[in-house]
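Using the hints, put the two chains back together into the complex; each one sits in its own frame.
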Amino acid sequence: MSWEFLAAQFAAQFGLWWIIWAGILLGIVVGILPGFSPQNTLIMLLPLTLGIPVDQAFAFMVSLYCANHLAGGVPAILVKIPGSGGAAATTLDGYPMTQKGQAQQAIVLSFTASVFGGLITTLATLALLPWLSQIGLYLRSVEMVVVMLFGLTLIAVIAAKDTLKGLISGLFGLLIGVIGTDHIYNAPRATFGFLELYDGVPLVAALIGLFAVSEALVMIEEKLIVGKEGRERATRASWADTLDGLRLTAQKWWHIVWTSFVGLFIGIVPGAGASIAAFVAYQQSRMWSKHPERYGTGVPEGVIAPEAANNGVTSGTLVPTLALGVPGGSTAAVMMIVLQYHGMVMGPRLFTTNPELAYGVFVAMAVAYIFMIFTILPLARYMARIVLIETTYLVPVIVLVTVVAAFVERQYVFDMALALVFGVIGYIAHKTNYHVTAMLIGIILGPLFEQYLARALRISQGDLSVLFSSTLGNILWAFLVLSLVLPALKSRLRKSR
Amino acid sequence: MPPKAPLGADLVIPVLALGFAIYFFWSIADLVWEAKANGVVIGAVLVGLVVLQLARIAADVAKGRGDLRADPLWRPWDTFAKRLGMVLVTVAFIALLETLGLTLSLLLAMAVALAIMGVRKPWTVAWISVAVAAAAYLLFIAVLDSAFPHGPIEKLFS
Chain R
579 MSWEFLAAQF
589 AAQFGLWWII
599 WAGILLGIVV
609 GILPGFSPQN
619 TLIMLLPLTL
629 GIPVDQAFAF
639 MVSLYCANHL
649 AGGVPAILVK
659 IPGSGGAAAT
669 TLDGYPMTQK
679 GQAQQAIVLS
689 FTASVFGGLI
699 TTLATLALLP
709 WLSQIGLYLR
719 SVEMVVVMLF
729 GLTLIAVIAA
739 KDTLKGLISG
749 LFGLLIGVIG
759 TDHIYNAPRA
769 TFGFLELYDG
779 VPLVAALIGL
789 FAVSEALVMI
799 EEKLIVGKEG
809 RERATRASWA
819 DTLDGLRLTA
829 QKWWHIVWTS
839 FVGLFIGIVP
849 GAGASIAAFV
859 AYQQSRMWSK
869 HPERYGTGVP
879 EGVIAPEAAN
889 NGVTSGTLVP
899 TLALGVPGGS
909 TAAVMMIVLQ
919 YHGMVMGPRL
929 FTTNPELAYG
939 VFVAMAVAYI
949 FMIFTILPLA
959 RYMARIVLIE
969 TTYLVPVIVL
979 VTVVAAFVER
989 QYVFDMALAL
999 VFGVIGYIAH
1009 KTNYHVTAML
1019 IGIILGPLFE
1029 QYLARALRIS
1039 QGDLSVLFSS
1049 TLGNILWAFL
1059 VLSLVLPALK
1069 SRLRKSR
Chain L
4 MPPKAPLGAD
14 LVIPVLALGF
24 AIYFFWSIAD
34 LVWEAKANGV
44 VIGAVLVGLV
54 VLQLARIAAD
64 VAKGRGDLRA
74 DPLWRPWDTF
84 AKRLGMVLVT
94 VAFIALLETL
104 GLTLSLLLAM
114 AVALAIMGVR
124 KPWTVAWISV
134 AVAAAAYLLF
144 IAVLDSAFPH
154 GPIEKLFS
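Taken in sequence, the protein lines are chains R and L.
Per the working numbering, residue 579 is the first one in the first sequence, and the count goes up by one each step.
Per the working numbering, residue 4 is the first one in the second sequence, and the count goes up by one each step.
The following block holds chain L by itself, in its conformation from the complex (with noise of 0.2 Å):
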């Protein structure tokens, strides 16, 4: 007998998806209908896809084909620790960026996602980490002059 599929993972974007239209129709319910027609179509054939591809999971799993298991999201298992790390630095470096400024917030955030994906010589952490960070310096900040916050760093350079 051939294993069943995980349908679980399936269901993720169609529930985005269909949460995300109630969300549009909820939004759109008061505006006169020029500001929500565009809405209202893409929003109700959006729906109808979602319909029809749950029903289409739900036969499969009422006729054993497959369960609601949602592991291929987190499999395998000996990356999920260094993806679920990726995600939370990405967020820490953007939380820091207002106060640590680009070039500052950027090197740590860059050391620590090395170390996180295994790289283990101080060195090579951090000859990559300034390289990036000063890259991303003269780039953005010395070139382009973008509105980046400013840490410590851009200003004793300014």
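The following block holds chain R by itself, in its conformation from the complex (with noise of 0.2 Å):
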């Protein structure tokens, strides 16, 4: 690959501003509103993708790709509900961020960390792709079972200030997420008789009850979502506190950098995606501040390591579909249904027969993110004010819209009873302090775990020793174990001294 491709590239790519524009106007939209998946945009616009030039389609759907996981974050900086699984590490900090009037600076901030995380990590696979399409090779069935085990601990152990509540909750999800037929047999397991629930818990249903409905509930409580002092610092907002979330973008450079880097890698391995890339860096960026406590109470490293990972994933979960003809995700999936109706065919010589195409997609991914940040920027001061709406308004609409969104995914009125559901058990583990959001990564990973640890061990006839039999796994059950076990005696430390 040249520089004058490259150049010619970024020129083609450029030329196609006006569709670009369009994918990167729709991504917002539906990012922050939850219910609306990438997959399922460009599913119902496939009328769209799959009548227009092969270029521009690509051009459409990586710009709507990328803008809806920047834009996921905005709802959990806010109101803590995140646009999608993938931001859910975001409401840690970005919600304590806001509460304290800081709203404006932390939608600044999360723009800025998927925007040049984004780029970043776009250049970075342009750069090394015949390398980085490797990776996705070492980690097979057994590799993939620790890799979702050990997200599954990090989030307990980093998202609960409890460590057995975090791990309970997790765990329940997991098994949640295992309701519906089997991969093999379609024998249905613990659907309560319902033929709604043979394809499994619907996730959008559950992302909506266990953030949306439970935290509306739990809202109810306060006549703002600020306090006195926020609602004060959010009514003074102007431009200056864009300059200020700039002026602290600025100063968190490398933490971008280098949490994009573990978003891009962990978006190579099929199936792992946004939702642990994102806790991953956040558990990254805490492991290695010199202010891990302060965690939680509204940092603006903790708004940065998931927005930026998340964003980083957007690149690395592309790298297996086009290098390998293996889809990274769900979007990719789709993607790459549209590409093979234009007779492109996946794998390394994807390369070779039509580098335009291959490398393109790269390219247009650079372009869209270079036209987001301006398209989104001034919009964070607007946006902010929505923390100075009185609850008494914005419970009734958070319920009832969301609600609603949750018939979207698949056009079940259950799937509206489900997210009900799933708001009370929310409202129940707020309350209690088992964490929502290790429950919902749960869920999200039951059908992926469930489909590993099968192959795994039908590969092994049923032994279970198959889990340690790889000398990558056994390192990543040492990590796994390493992470339940230092945070604990790294406090019994702290308080002998």
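Hints in this document: simulated from the structure, not taken from any laboratory.
C-beta atoms are modelled at their ideal positions from N, C-alpha and C, and glycine is treated no differently.
The following label-pair restraints were derived from C-beta to C-beta distances:
| hint | chain 1 | residue 1 | chain 2 | residue 2 | range |
| --- | --- | --- | --- | --- | --- |
| 1 | R | L821 | L | A134 | 30 to 36 Å |
| 2 | R | L1067 | L | G88 | 44 to 50 Å |
| 3 | R | L742 | L | I25 | 16 to 22 Å |
| 4 | L | A134 | R | G1040 | 55 to 61 Å |
| 5 | L | W36 | R | L628 | 40 to 46 Å |
| 6 | R | E968 | L | A61 | 38 to 44 Å |
Listed below in structure tokens is the structure:
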């Protein structure tokens, strides 16, 4: 790949500005609304993407996908309702920043971390694509089982104040995620007799219930989301706060760089996705911080890490899709369908037979990120105003509108009722410090975990010792145990001092 | 002497998890091992963790550090009625959806929910409810053509 080729690609993608902008605007809208996932939106728009030339279709799809990841952080910061699973970790410090009256700074940090994180990893992917595409080959079913357990353990340890409660929440979520028919024999399990649960628990209903409905039920207790001091700061909010957010971004530039690479590497692993990446980045950020005890109280690094990582995932997830023909996630799978419809064959040969498209995808992503910062940054000031609306009006809108949104994924009224059930469970969990985030990530990982565990156990004829049969897997097991033991040891050491 | 912690509330999630794990084990009892391996592995670890948590709560109660009150779930009392009202309105909204359609049922549910939350000005209740219902109609029925049940309003505009 020469510099001339790259320059020509950038020029070509800038020429597609109109379709990139359309993708960005739609991506922002569906990212902010819980219930609208990028893959569902792309499925609904298949008649459009199949009908236009493939380069335009791909530019539109990647712009929508990247903007969706960026916008998911907005409701996570403002009302503690992540627009998608990948933004769940952003609630941990984003919402406390809002409560302190720093909503605008938090939104600006989220935008800049997303854009620069996404841009850096996209450019790195362009440079390192042949090598990055090999990473996925080292992770087989055994390692994937441990990766998922590791991710869930990290979430339980970092998100919950009480590790045992965090683990119970995570495992409870993982078991709920296994509801439905199994992958081999289609035998129904724990469906309570509902046909609607044969395909498993719908993720959007779980997300809406555990975050939106439960949070709204807690929100009733206060007149405003923010306290008195926070309200005064939000009322006085001006462009100076946007500039303050940019100043914080410049201060923490290195944080954006390295946490976005965490997202890139996790994104390359098929199936791991933005939810795990955001939490691993958050945990790493806290672990290497000089003041880990401040995490969870509204620190800028706590917003930067998950947002940079979940946008780092966007380029990572396309690496196995294009280089190996293995979709890195559900959105990548939809993109793959569009490419195959246009006669493209995925795999290593794509880079020699059609380099304009293979590299053009990542160039389109880089261009989309450049456009995004100018589109969304000026909106931060106005978005932050939502915290001044009284909960008297906010709660009915959140509860009823998000319950309606639960219908969208599968078009079942049943899913709306399920969202309410999850809302009540989430409310109880909120009130008793059983972390809903760990529960949600468990539900997201449940089906994938089952797929990889079933594969590993089939190879070993049901022998569980297969889970300890690979060197890489054993190293990951050691990390998992350390992540459980180290925090306990650290706190014991601190107490003894 | 410090006040006793209300540990009854802490029991709800573990008891739900335990009940669900037992139901899961029962539902997979007759299946082949490939179909139940995952549930058994996750369920067994979950049951172990729940037993640990129950033992911890029992120890705290025995040592007098807590009791089995569950009041954090409904406190503060002044907002309990609003919270319960919101849940009931949502149940009624879902139940009426098939008959009244999305737009009308959402409009009515929104109006009742605002009243429950303490909004007393009729015009405020009316314009917010109409705005939310109209936005839902435009997005889900007119633009996305979702399969929401159609009621009198949807039929009128179709």
